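Using the sequences and the hints, build the whole thing.
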Amino acid sequence: MSALLSAERLELTYGQVSVCRDVSLSIEKGEIVALIGANGAGKSTTLRAIAGLLPPRRGSIVFCGRDVTAMPSHERSILGIALVPEGRHVFPFLTVRENLELGGFKSRNDSAKIRRKIGEIFNMFPRLSERTTQNAGTLSGGEQQMLVLGRAMMSEPQLLCLDEPSLGLAPMVVQDIFRTIRAINAAGTSVLLVEQNARYALETASRGYVLQTGSVIASGSCADLKQNPRVQEAYLGRIATAAVS
Amino acid sequence: MTTTIVLQQAINGVVLGSLYVLVALGLTLIYGVLVQINFAHADFVTLGAFAAYFFMHLVGAGYIISIGVAFLVGAVLGWLINAAIFTPLRRKGNELLPLIATIGVSVMMQNLMLAWFGPIPYAFETPYSSQVIRFAGIYVSWQNVIIIAVSSVTIALLYAFMKFTFLGKALRAVSQDRETAGLMGINPNQLIMLTFVIASALAGMAGAMLAPVLVLTPFAGTSVIVKAFAIVIIGGFGNVEGTILAGLIVGLIESYTTQYLDPGLIDIVVFALLLVMLAIKPTGLISERREENV
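Protein sequence lines correspond, in order, to chains F and W. Residue 18 in our numbering sits at position 18 of the first sequence, and the numbers go up by one each step. Take any residue in the second sequence, count from 1 to its spot, add 1000: that is its number in our numbering.
Hints in this document: simulated from the structure, not taken from any laboratory. Some hints could be false.
[As the list claims (entries may be wrong)] Just the calculated beta-carbon pair ranges, DEER-fashion:
#1 A70/F with L1097/W: 48 to 54 Å
#2 N1189/W with R182/F: 47 to 53 Å
#3 A70/F with V1035/W: 42 to 48 Å
#4 S129/F with L1096/W: 44 to 50 Å
[Unchecked claim] Pairs of lysine-lysine residues, derived as DSS-like cross-links and limited to a Cα-Cα distance of at most 27 Å, are as follows:
#5 K1281/W with K106/F
#6 K226/F with K29/F
#7 K1281/W with K113/F
Being a predicted model, the structure only gives us computed values, none of them experimental. Every residue gets a Cβ at the ideal spot worked out from N, C-alpha and C, and that includes glycine.
Encoded structure:
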């Protein structure tokens, strides 16, 4: 079976600083895969490499059977990889509608389709439809997270990469966002989820990878990972002995 | 009497101001997209002036067509220089190299023009300068009517392009967050190229319209660019609306200073305003409001 995306033995560095030494992961069509780990483990860096923002020093990335290792981010976006970056990154001085329109940049010559897609996003997030002409920089954190999710979905991606979608949001809003992520996945989009809140991540995803200081130290189904003593100790806040006994 | 003088100088100020706006918009667009100052921008103004001059004198074309030619020459040269010099340097990932290269390009363009056109000022005359409309005691030359018409149409078109077209929105997106724009499938390099082409074309066009009031030598653009920099700073670096407003204000200051004070004081007044702006509102006349939400 050929995976939707497979990353093989990625070595990722910022200048001379090595962040990931050896990361391999794969995502099948229709899956939600979680990437968990502590601060600085290399989760965001791995996502950046997959989206094309950071060329790997070694290793390869294959998407839909195509080697995209050397492909710049804007071409990967057109192929079907969307990244919602950490810290949301709305275009602050563009309106909500303009932000969404740009999400559909590759369909720019089909204004009927853009309008239809924006309608779908507004159905998904009715809050956004009340703020169409407002500058995105004036939205609340939760609304901005909805906007960047919607913006990413405008390009009809096959793989949606989410970097810390819960960061800095109220628990109620986080539940909303995760419900939407599951709905997006149910409609056919594969999701790669980076999340510091391991509990949310493991409950949403079907499979997961655990990253520690730049290497994958555990992987498997989320059910198994939840039982894994090392994962419990480090990320779920339970003491390891309790799980063993 | 005095009201006619005030009105007369208002028109002169708007004429001058709209030309400054054309020059300053290019600077501000390039700064917005690249966060880089283009020191060669002045030389596109000079080049536009010479392009119009030679097109009129060698081809015998009319002035208005020559303004269009200056626009095209600016666009083509902007494209060429960006593709040949700035893009390869930018690819090396060092921000400083392209900035220094703009100084190199400026020196190179000035000296090439010096070699070709010589140091003696050219007399740029248009048939429209001497044709005057009299209206309620105010005199407006056809030259000034052309300048106001051409620049306001150009500025309006540029504004509409930035506001309503997909490409214009993409351009604003790139200037707000280049990396995220790339994630939308926007190729930032194409938009950087487009910005250079637009900026250089506007500078060339402004040169053709400024030429009759400039001392047309290979260094003519530098006298304008100093004010254009002041306008860009007063208007708020990278801000289109602020640049338009600041350009008109500086044009008006210039014409009223000439009338009521002394033409020699123009630069002093403009730069005093610049210093006051930097002291009380360093983000410019129209600063983009950003509300931080964490």
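Okay, the hints, checked on the actual structure:
no., hint, in the structure
1, A70/F with L1097/W: 48 to 54 Å, "23 Å, violated"
2, N1189/W with R182/F: 47 to 53 Å, "37 Å, violated"
3, A70/F with V1035/W: 42 to 48 Å, "26 Å, violated"
4, S129/F with L1096/W: 44 to 50 Å, "45 Å, holds"
5, K1281/W with K106/F, "40 Å, violated"
6, K226/F with K29/F, "23 Å, holds"
7, K1281/W with K113/F, "44 Å, violated"
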